[in-house]
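Make a model of the complete structure from these sequences and hints.
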Amino acid sequence: MITNILTQIIFYIFALGVIGSALMVVSAKNPVQGVLSLVLCFVAMAGIWILLHAEFLALILIVVYVGAVMTLFLFVVMTLNLDRSQLKRGLVSYLPFGLIIIIFIMIMLFYVVGPAHFGLAAYAAPTAQPANYSNVAALGTTLYSEEVYPFEIAGALLLVAMIAAITLAYRGRRNRKQVKIASQLAVCREDRIKLIGLPSEKKHEDTP
Amino acid sequence: MNLSQAIIELIWIVLGIIAIIVPVMIGVLAFTYAERKVLAFMHVRIGPNRVGPFGFFQPLADAIKLLHKEIIIPAVADKFIFILAPVLSIAPALAAWAVIPFAQGWVLANINAGILYVLAMTSFGAYGILLSGWASNSKYALFGSLRSAAQMVAYEIAMGFALIGVMLAAGSLNLSQIVLAQSGGIWHWYWLPLLPLFVVYLISGVSETNRAPFDVAEGESEIVAGYHVEYGGMAFGVFFLAEYSNMLLISALVSLFFLGGWLSPLQGIPGLETWFAWVPGVIWFLIKIIFFSFLYLWLRATFPRYRYDQIMRLGWKVLIPITLIWIVVVAVAARFNLPPWW
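Chains as they are written, first to last, in our numbering: chain P, 1 to 208; chain V, 1 to 342.
It is possible that part of the hints are untrue.
Examples of chain P residues lying across from chain V (beta carbon under 8 Å, computed) [claimed, not checked]: (1) Thr3; (2) Phe56; (3) Val66; (4) Gly67; (5) Asn135; (6) Val179; (7) Ile181.
Heads up, incomplete: computed chain V residues facing chain P, CB under 8 Å, no partners named [as the list claims (entries may be wrong)]: (8) Ile111; (9) Leu119; (10) Ala126.
These aren't lab readings, by the way, just hints derived from the structure by calculation. For each residue, glycine too, the CB sits at the ideal point set by N, CA and C.
Following this line, the structure appears as structure tokens:
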């Protein structure tokens with residue numbers, strides 16, 4: 001009983017965090033604060049997923065999105081000199097469009113995950129798993145047995161995308177002042193250091 | 001479960017957190033003292049010797065000094081993020097200790113995805129450094145944080161791949177089970193079958209904590225102190241605490257993943273095993289942590305700082321290919337139960 005109430009309290013805290021930070025992403029004055037809000041949004045979402053016993057997905061969300069993707073985002077946003085007035089321009093002219101899209105998405109969401117199609121009648125509440133239930137093992141079994149073809153195809157797609165990105169960014173071997181590692185490693189002491197034997201100074205005869 | 005049971009459980013968890021945080025903080029204090037003494041010994045100096053016997057209370061004096069100093073916020077800094085950054089760097093450094101098993105069953109949160117939790121927490125560490133550099137609105141600080149961010153992203157991949165090898169070998173993501181999978185004596189610990197991954201993990205661990213010889217993020221000879229150049233007083237002290245508790249954490253993780261955690265090194269040796277059976281597991285674990293902490297200081301005293309492009313080359317072109325190859329080797333060995341380890 002008490003754990004139920006606690007779970008609900010935690011859920012609403014995280015849910016408010018997700019919504020609030022998502023609003024901050026689009027309304028933040030500073031792009032860096034926007035990126036940070038997105039990080040907060042991911043973290044709060046991971047919290048909700050952990051409440052649903054999907055700890056593998058939640059931790060992967062943090063490792064991949066918070067740890068890698070958003071770090072690179074922040075990296076780029078920090079180094080760009082963004083003009084804030086440029087970003088705010090066109091807000092009014094785009095507003096009707098945005099509103100139409102929002103209403104469309106809301107209707108769609110309500111239709112798909114609304115009480116009619118996504119309520120307890122359609123999907124029963126998941127049964128509690130035993131304490132030693134391993135999320136990772138369950139996910140791995142499904143991914144590598146039932147869903148193995150979609151999984152492999154997704155992997156191949158990602159590989160293609162990666163090769164394409166590298167090909168687009170690679171501008172060929174030009175005459176760059178690049179450090180040649182092999183020649184650096186091949187350097188030995190004799191190439192760099194020359195010992196010169198200086199005879200020690202002669203003693204003046206007339207010094208006392 | 002009723003209310004009183006829930007409250008009692010909560011109190012136990014809080015007590016457990018205190019029982020972890022307090023020794024970690026004491027460990028950090030001892031570590032700063034040990035660093036100065038060990039470096040002094042290796043440089044043939046004396047080191048701190050004024051406060052208390054052999055300068056033993058020097059860290060306390062330093063802490064009191066930091067507490068008394070004023071925290072100066074630069075006029076052009078982004079104040080909220082400037083204050084937030086040290087918090088973001090210490091919080092994950094301490095939170096990651098929750099899943100560390102100190103001995104059989106001595107763990108606060110015995111979760112199944114322990115390795116993933118540790119990876120998630122350590123990946124948060126980049127934010128503290130990145131944001132502190134940006135919020136300070138200073139060129140040196142920004143340079144330090146940019147260097148550190150690129151370095152952390154590069155070495156996190158090598159670190160993650162090294163851990164995939166450990167997961168493959170142990171067949172589990174739970175830290176306690178990874179340790180138990182290594183039982184059977186010193187030659188069953190993963191440092192031997194996973195030797196390349198052990199070396200890669202150790203190097204990336206040093207790099208992830210921004211320590212010498214990979215400390216270009218601080219780079220005091222080029223960019224003053226890097227990301228925390230604008231921080232003073234306890235705001236700097238928090239960064240300092242985070243760096244040292246991260247070093248202790250990496251030492252603990254290396255011991256868990258590759259050196260059998262709390263397992264006795266004398267296991268499987270007739271005679272010695274029974275003689276030393278009375279030593280509790282936590283002592284062996286502490287000895288291993290202290291050894292790797294000492295290694296940090298040894299490395300710092302021995303090697304000059306890497307050049308930035310060489311750090312990047314080592315991370316992307318040397319360490320990641322090594323881990324990729326060894327993952328395949330481990331996967332084949334684990335699949336076909338190749339002797340002597342599987």
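Structure-based check of all given hints:
{"no.": "1", "hint": "Thr3", "result": "holds (5 Å)"}
{"no.": "2", "hint": "Phe56", "result": "holds (6 Å)"}
{"no.": "3", "hint": "Val66", "result": "holds (7 Å)"}
{"no.": "4", "hint": "Gly67", "result": "holds (3 Å)"}
{"no.": "5", "hint": "Asn135", "result": "holds (7 Å)"}
{"no.": "6", "hint": "Val179", "result": "holds (6 Å)"}
{"no.": "7", "hint": "Ile181", "result": "holds (7 Å)"}
{"no.": "8", "hint": "Ile111", "result": "holds (7 Å)"}
{"no.": "9", "hint": "Leu119", "result": "holds (5 Å)"}
{"no.": "10", "hint": "Ala126", "result": "holds (5 Å)"}
Going down the numbered hints, you'll see the structure goes against none, and every one checks out.
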